[in-house]
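Assemble the complex: chain A is given as a structure, and chains B and C must be docked to it using the hints.
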Amino acid sequence: MQLSRTSRWSLRTITYLTIGIVYLPLAIVLVLSFNDSNALVWPPRGFTTHWWSTLTDVESAREALATSARIGIIAMLIAVVLGSLLAFGLQRFEFFGKNTLSFLAVLPIALPGIVTGVALRNTFVRFGWDLGYLSVVVGHATFCIVVVYNNVVARLRRLSPNLREASADLGAQPWQTFRYVTWPLMRSAVAAGAILAFALSFDEVVVTTFTAGAGVSTLPQWILNNFSRPNVLPYVTVVATIVMVISLPVAWLAQRLSDGPRER
Amino acid sequence: MHPVHRVGQRLERAPGLVPGLSRFFGARRRLALGTVVSGPLLWLVVVYLGSLALLVTSAFFRLDDFTGKSTSEWTVDNLDEAFTTGAYRTLVIRSVLIAASATLVCICIALPVAFYISRLARSWAKRGLVVALTIPLWAGYLVKAYALRAIFEPGGDNGGGFLNSVLGASPGFGYTATIVTLAYLWFPYMLLPVYTGFERLPDALLDASSDLGAGTLRTFRSVIFPLLIPSIAAGSIFTFSLSLGDYITVKVVGGTTQMIGNIIERTLLAPNQPLAAAFTLWPIGIMIVYLAVMGRLGAFKNL
Amino acid sequence: MKRARKVFTLSAVAMLTLAACGGDDGGGSGSDLPKELGEGEGAVNLVAWAGYVEDGSTDPAVDWVTSFEEETGCEVNVKIGNTSDEMVELMQSGEYDAVSASGDATLRLIAGGDVAPVNTELIPNYADVFDDLKNKPWNSVDGVSYGVPHGRGANVLAYNSEAGPAPTSIKDMFDPASPWAGKISVYDSPIYIADAAIYLMATQPELGITDPYALDADQFAAAIEALKTQESIVGQYWSLYTDQQAALESGSVTLGTSWQVIVNLASANAPSVMATKAEDGATGWSDTWMISSKAKHPNCAYKWLNHIISPEANAGVAEWFGEAPSNAKSCDLTADPNHCTTYHAGETEYWTNVYYWTTPTENCLDGRTDVKCIPYTEWVNAWNELRA
Numbered sequence: 001m002q003l004s005r006t007s008r009w010s011l012r013t014i015t016y017l018t019i020g021i022v023y024l025p026l027a028i029v030l031v032l033s034f035n036d037s038n039a040l041v042w043p044p045r046g047f048t049t050h051w052w053s054t055l056t057d058v059e060s061a062r063e064a065l066a067t068s069a070r071i072g073i074i075a076m077l078i079a080v081v082l083g084s085l086l087a088f089g090l091q092r093f094e095f096f097g098k099n100t101l102s103f104l105a106v107l108p109i110a111l112p113g114i115v116t117g118v119a120l121r122n123t124f125v126r127f128g129w130d131l132g133y134l135s136v137v138v139g140h141a142t143f144c145i146v147v148v149y150n151n152v153v154a155r156l157r158r159l160s161p162n163l164r165e166a167s168a169d170l171g172a173q174p175w176q177t178f179r180y181v182t183w184p185l186m187r188s189a190v191a192a193g194a195i196l197a198f199a200l201s202f203d204e205v206v207v208t209t210f211t212a213g214a215g216v217s218t219l220p221q222w223i224l225n226n227f228s229r230p231n232v233l234p235y236v237t238v239v240a241t242i243v244m245v246i247s248l249p250v251a252w253l254a255q256r257l258s259d260g261p262r263e264r
Numbered sequence: 265m266h267p268v269h270r271v272g273q274r275l276e277r278a279p280g281l282v283p284g285l286s287r288f289f290g291a292r293r294r295l296a297l298g299t300v301v302s303g304p305l306l307w308l309v310v311v312y313l314g315s316l317a318l319l320v321t322s323a324f325f326r327l328d329d330f331t332g333k334s335t336s337e338w339t340v341d342n343l344d345e346a347f348t349t350g351a352y353r354t355l356v357i358r359s360v361l362i363a364a365s366a367t368l369v370c371i372c373i374a375l376p377v378a379f380y381i382s383r384l385a386r387s388w389a390k391r392g393l394v395v396a397l398t399i400p401l402w403a404g405y406l407v408k409a410y411a412l413r414a415i416f417e418p419g420g421d422n423g424g425g426f427l428n429s430v431l432g433a434s435p436g437f438g439y440t441a442t443i444v445t446l447a448y449l450w451f452p453y454m455l456l457p458v459y460t461g462f463e464r465l466p467d468a469l470l471d472a473s474s475d476l477g478a479g480t481l482r483t484f485r486s487v488i489f490p491l492l493i494p495s496i497a498a499g500s501i502f503t504f505s506l507s508l509g510d511y512i513t514v515k516v517v518g519g520t521t522q523m524i525g526n527i528i529e530r531t532l533l534a535p536n537q538p539l540a541a542a543f544t545l546w547p548i549g550i551m552i553v554y555l556a557v558m559g560r561l562g563a564f565k566n567l
Numbered sequence: 568m569k570r571a572r573k574v575f576t577l578s579a580v581a582m583l584t585l586a587a588c589g590g591d592d593g594g595g596s597g598s599d600l601p602k603e604l605g606e607g608e609g610a611v612n613l614v615a616w617a618g619y620v621e622d623g624s625t626d627p628a629v630d631w632v633t634s635f636e637e638e639t640g641c642e643v644n645v646k647i648g649n650t651s652d653e654m655v656e657l658m659q660s661g662e663y664d665a666v667s668a669s670g671d672a673t674l675r676l677i678a679g680g681d682v683a684p685v686n687t688e689l690i691p692n693y694a695d696v697f698d699d700l701k702n703k704p705w706n707s708v709d710g711v712s713y714g715v716p717h718g719r720g721a722n723v724l725a726y727n728s729e730a731g732p733a734p735t736s737i738k739d740m741f742d743p744a745s746p747w748a749g750k751i752s753v754y755d756s757p758i759y760i761a762d763a764a765i766y767l768m769a770t771q772p773e774l775g776i777t778d779p780y781a782l783d784a785d786q787f788a789a790a791i792e793a794l795k796t797q798e799s800i801v802g803q804y805w806s807l808y809t810d811q812q813a814a815l816e817s818g819s820v821t822l823g824t825s826w827q828v829i830v831n832l833a834s835a836n837a838p839s840v841m842a843t844k845a846e847d848g849a850t851g852w853s854d855t856w857m858i859s860s861k862a863k864h865p866n867c868a869y870k871w872l873n874h875i876i877s878p879e880a881n882a883g884v885a886e887w888f889g890e891a892p893s894n895a896k897s898c899d900l901t902a903d904p905n906h907c908t909t910y911h912a913g914e915t916e917y918w919t920n921v922y923y924w925t926t927p928t929e930n931c932l933d934g935r936t937d938v939k940c941i942p943y944t945e946w947v948n949a950w951n952e953l954r955a
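Residue numbers (my numbering), protein chains in the order written: chain A, 1 to 264; chain B, 265 to 567; chain C, 568 to 955.
Isolated chain A, as found in the complex:
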């Protein structure tokens, strides 16, 4: 497609300007992690590496990280199994009411988190179940299922049915077709969905606030609580920077997996 020089130039400018704006707040977080002050305000008051060097002493940060990781992994595993099953079922079979089910499968993410959180909390309290780890996992798994489902269903749609037919023509049983043909083609989508589900759970704060028990503190909750604790607040910027850096290769991996097996 032919584009005028102006169009080309303006599109490039918009893109790089956007990237710059997108990273501005993150850069501010990085700068503030060296700020010699208790508050998250700009401009920085002085330079110090105190927060970085004493991070390992902050026990609450370690616990919060561990809690978030644990909950994230469990929610991710549940989501991988249930989300893939659901995608497989909805993609592979034709049945009446399929559209309703597809609609239903999107609801946990389409309805605002506060609705999910309030609804789940109401259910737990009504039945007298203790709020704690399990309640948070249930909340997280619910929207994680949707993420995995989205990824897997998108991939399954892109797979040509010819491959399956060919496999069946050659005499393979359905489970063999699955194992040798379908699964290799869809597993990267499952992996991408799993990574995204973990990321979503790791960063989630609204549903967690409403479903967590007294002793549970995930990383986002720890951050939220620290806004009332000026002496621990600066560590939030340090932890955030570390998480950002660690997520660089993970985000790259997720994008690569979701592109799929050698597209284009």
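Hints are computed from structural coordinates only; laboratory data are not their basis. Cβ atoms here follow ideal geometry from the backbone N, Cα and C, with glycine treated the same way. There is no bait here: all hints are sound.
Quick partial rundown of chain B residues pointing at chain A, CB under 8 angstroms, derived from the structure: (1) 287; (2) 398; (3) 429; (4) 505; (5) 511; (6) 512.
Taking beta-carbon pairs under 8 angstroms as the criterion, some of the chain A residues facing chain B (in silico): (7) 11; (8) 25; (9) 82; (10) 83; (11) 86; (12) 95; (13) 240.
Quick list of simulated restraints, FRET-style, between CB atoms: (14) A:248 with B:429: 27 to 37 angstroms; (15) B:486 with A:8: 14 to 24 angstroms; (16) A:242 with C:771: 56 to 66 angstroms; (17) C:772 with B:349: 26 to 36 angstroms; (18) B:326 with C:777: 26 to 36 angstroms; (19) A:158 with B:384: 16 to 26 angstroms; (20) A:130 with C:633: 26 to 36 angstroms; (21) B:337 with C:731: 51 to 61 angstroms; (22) B:357 with C:774: 33 to 43 angstroms; (23) B:284 with A:253: 30 to 40 angstroms; (24) A:179 with B:337: 56 to 66 angstroms; (25) C:771 with B:429: 39 to 49 angstroms.
Structure of chains B and C alone, referenced to chain A:
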């Protein structure tokens, strides 16, 4: 080809759990379907829909004035309060407008950016650019919100605030800051589907359009945009819903502004659980309508 | 689909039936007072006002939690409640063991059966508490004590001395022509309506308000009007205390209803921030530590109650927060020897003009029987509508 054929024949009568199950379910499609979706279906229906149903019914109970607990008396007062009070209606309209504005901002930025990455960027750079723009998703919602707060801080006599320091002025906390922050936070959710949509556009179509003499803007308006509507609709589901229900961002950068999420949280913590449940009917209703419209536009084929 | 629909309908019906049959009733009985304390359970979950349970995370030198944890082996988890309403909601969930409740929460908690009577004989330090705090209408029912007093104080007016002279009256908070207009900070809770009532007591005495928590329909409507007018000059509605602190420091707020602890923290970074008390009267609090009726760690909870009203801890928190301690012996232990005098710790007459946070009820709290007063749920509804 041959090995599979031979293997297939041999396994026709092979013993073993997996081949056995495979034969069993292969012949009974409905049972296979049922088994595959029953797990997730059970979860979604019982846990999620059940909770929603419970929430909706809880809106019909009266609150005991003094203890702050739900009684077993049925009443429509809560719904009456939530749906007929003028102040709350204004609040809902305001929330919808803010969410729509944030979505529009996302669309306006995602379209040119996705176009550039998909069509104009070098092929080795494409994935890098997409990753670069989606990394912030991993940076942590709260931290980003507070960073944007530091940016919008109007400062005062003691200085402060990024925009205030750099430009000398800042829109301060309020609608502008809220819309910009929401758009910033949810931008990757719009970019990804739109980018995927661009990638699927056949080159031939665009070439044909220029061959027929259409300029860039005309091609965009008549060819590209209509084809992208499903992707835009898909992306907008996330940005609209996340913006509509958000109550933390508004507290951080919105100044005295309140959105529907705030009134739900505030009422729940009052404590007045039935009235809070009544308020949640607003976003539930709005999103169901929104999802239906977006579904019409093809969003679900494109998630 | 048919099967799915059946499953959905069945489970929905099942849930609804269970929900309709179940349902919380109030009624914690007073008959199960513990007779003696057992071993600590290893942890205790508290709901507290910001500044009441300090473990060094706000200021490394301010810590009365670590000594408690070392002595009793009870690890402390604290959830900060920003308003009394939040605290009531948290206690209703049954997840927490003890709460520092203000008067506008205590009776609601008692009526809702969320807190249990407290056997004060198991709390040795209770003996040293000022007598005029024991067995008051907000912390006891029919002579049965429901908690131990924490301390009391009055809400202050925080102001920036560079923006103007110290305000003397609450009128500066409400008057549209106020010199502080646009940079005023208001506490975001329905209980603030009482402050509007105090404003009316000073500016519209013909309304006949004697108790800001006993408002009949006309008085209440006038208070809401005053608050609506106030909206145009308000810059911030705060519930998280660090939000007001940050605004005071940066200068975007120059006047507001506040607590002494916030002013102390803000003035450390912005020395021109100071506190004063309005002459026409102020709302205040007299807080009580209460124990949940569903406490999972009741022994640790009792130990905490004993610790927080011990002379050292009570002195620490009274000085940090800026309030009068409840333990008479704390007055000798405060770093500032005049602390108790400044905060009127032992002066019973002083407190008759401070309107402690209380739950408004239909039966007028000022004793009037000819009219009905507006109950708290209406306060909540009115405040929500105001803020929407």
